[in-house]
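Participant: Residues per chain are reported as follows:
Protein chains: 2
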Amino acid sequence: VRIARFTDGSEPGFGVVEGSVEEGTAEIAGIAPHPFGPFSFTGVRRPLGEVRLLAPVLPSKVLCVGKNYADHAREMGGEAPARPVLFLKPSTSVAGPGDPITLPPDSERVDYEGELAIVIGRLCRDVPPERAFEVVLGYTCANDVTARDQQSADGQWTRAKGHDTFCPIGPWIETDLDPADVALRTTLDGELRQNSRTKLLVHDVPALIAYMSAAMTLLPGDVLLTGTPGGVGPMRADQTVAVTVEGVGTLTNPVRAR
Amino acid sequence: VRIARFTDGSEPGFGVVEGSVEEGTAEIAGIAPHPFGPFSFTGVRRPLGEVRLLAPVLPSKVLCVGKNYADHAREMGGEAPARPVLFLKPSTSVAGPGDPITLPPDSERVDYEGELAIVIGRLCRDVPPERAFEVVLGYTCANDVTARDQQSADGQWTRAKGHDTFCPIGPWIETDLDPADVALRTTLDGELRQNSRTKLLVHDVPALIAYMSAAMTLLPGDVLLTGTPGGVGPMRADQTVAVTVEGVGTLTNPVRAR
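Which chain is which? The protein sequence lines are A and B, in order. Heads up, the first sequence is in my numbering, so the first residue is 1 and it goes up one at a time. Heads up, the second sequence is in my numbering, so the first residue is 259 and it goes up one at a time.
Calculated directly from the structure, the hints in this document are not laboratory data. Using N, Cα and C, we set each Cβ at its ideal position, and we do this for glycine too. Watch out, some of these pointers could steer you wrong.
[Claimed, not checked] Reference listing, derived: stretches of chain A covered by chain B, where coverage requires no fewer than 3 residues with Cβ under 8 angstroms from a Cβ of chain B:
{"#": "1", "stretch": "57 to 69"}
{"#": "2", "stretch": "152 to 160"}
{"#": "3", "stretch": "185 to 195"}
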């Protein structure tokens with residue numbers, strides 16, 4: 001199922017998206033208390049077009065991996081490292097579908113990086129790869145927005161990747177997906193800029209969950225970013241960026257000057 | 259005042275520490291709902307020795323600066339950078355006073371790094387240095403525990419500094435402190451290993467708050483680590499590390515093999 005967070009003007013809540021987005025018949029049915037345990041339907045039901053979708057989860061942490069597609073590692077001037085290189089984005093960087101990505105005034109170049117994101121379903125640590133899928137709630141699209149000039153200036157990537165709005169996720173969490181080989185595409189103003197498949201991940205989803213959960217405890221709602229393929233590039237104000245993960249959906253965000 | 263989090267066996271809560279720890283007359287008086295707004299006393303009052311102190315806050319993020327004392331930058335083989343180098347520790351790394359620091363099995367060298375920590379009192383962004391103290395709730399001691407071998411192997415510092423228990427903070431938040439020039443000391447099994455003063459910070463407290471809040475929104479309870487002075491070194495299982503900030507108190511943690 002597709003699990004979203006939404007507001008119809010009152011308190012934000014979780015909901016299940018039913019019907020077809022393409023055919024315009026999609027509706028959202030409210031659930032409570034949350035999707036990380038048993039939940040029930042609240043009785044609220046709205047046409048999807050009449051609610052505002054929010055980031056589908058508010059993660060305690062967003063744990064990411066760098067250079068996890070060989071073509072992106074090459075375009076950054078190196079090779080994919082033998083071990084995953086981990087970094088964090090702060091929860092304050094999370095934005096929802098449709099939310100503007102705000103360009104910080106102190107960067108000259110802000111890039112999109114389309115990615116498959118994993119949403120963790122339960123507290124876990126030291127998860128063996130063969131049990132990795134047991135701790136996954138589902139998958140969503142993410143944009144690991146990066147101030148490229150700050151990334152190279154700082155060495156550490158925290159500031160470059162940590163600005164407010166630099167982690168759009170959404171539009172919802174798809175719980176029924178085999179992430180082994182799905183298409184991942186990023187468009188800028190409708191032009192295809194990244195076009196890859198998750199089978200090209202250097203470290204695949206089970207390997208990443210095993211490695212990340214050996215480094216630190218993962219909590220329900222934590223979001224793991226799996227890396228971006230080749231084709232990264234800059235965004236300018238008033239452009240629109242969209243990340244599509246096959247089987248999940250499309251995350252679209254406008255870009256705005258601050 | 260000194261604000262702590264504690265449990266006497268029931269629900270954890272915040273409290274104010276009164277009296278003298280040295281003379282054994284200290285007591286903790288429960289407050290509710292929390293210290294980030296108006297609070298009242300709950301009527302609970304216990305001798306400090308009869309409660310368990312917890313990490314004084316559960317931060318949404320721990321935002322840190324590297325190489326912010328010149329002598330530490332030198333011992334790491336470089337110079338203090340002109341701009342602060344930021345990195346994040348995950349909330350899962352936070353531990354309380356007395357909690358064991360657990361050595362991960364995949365590191366050969368885990369170092370202490372004693373630091374002054376700032377606890378943010380309210381949501382803020384783009385704080386000018388001259389108004390920085392308005393967003394501070396208070397100060398505590400922190401240990402930016404670091405798997406030194408992983409730090410150099412990874413390049414990015416997230417894994418090396420992000421393991422569970424790698425961010426002890428406490429024992430409480432001192433709200434009445436001028437952080438401009440206080441002593442900062444770290445001992446290992448009682449032996450003095452770090453001995454500096456905050457006047458030697460390359461980027462001082464107002465400058466750090468300004469820089470960090472320009473990079474991302476800070477939330478109430480967020481913890482900012484200000485950097486460690488020279489003298490870092492490894493800890494082994496069954497040793498005890500203590501970080502003292504003059505005017506705040508001493509944060510003591512045993513070290514344990516996992």
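Participant: All the hints need checking, so say for each whether the structure fits it.
Facilitator: Now for the hints, and whether the structure bears them out:
1. 57 to 69: holds (count 4)
2. 152 to 160: holds (count 7)
3. 185 to 195: violated (count 0)
The structure is inconsistent with hint 3 alone, although it conforms to all the rest.
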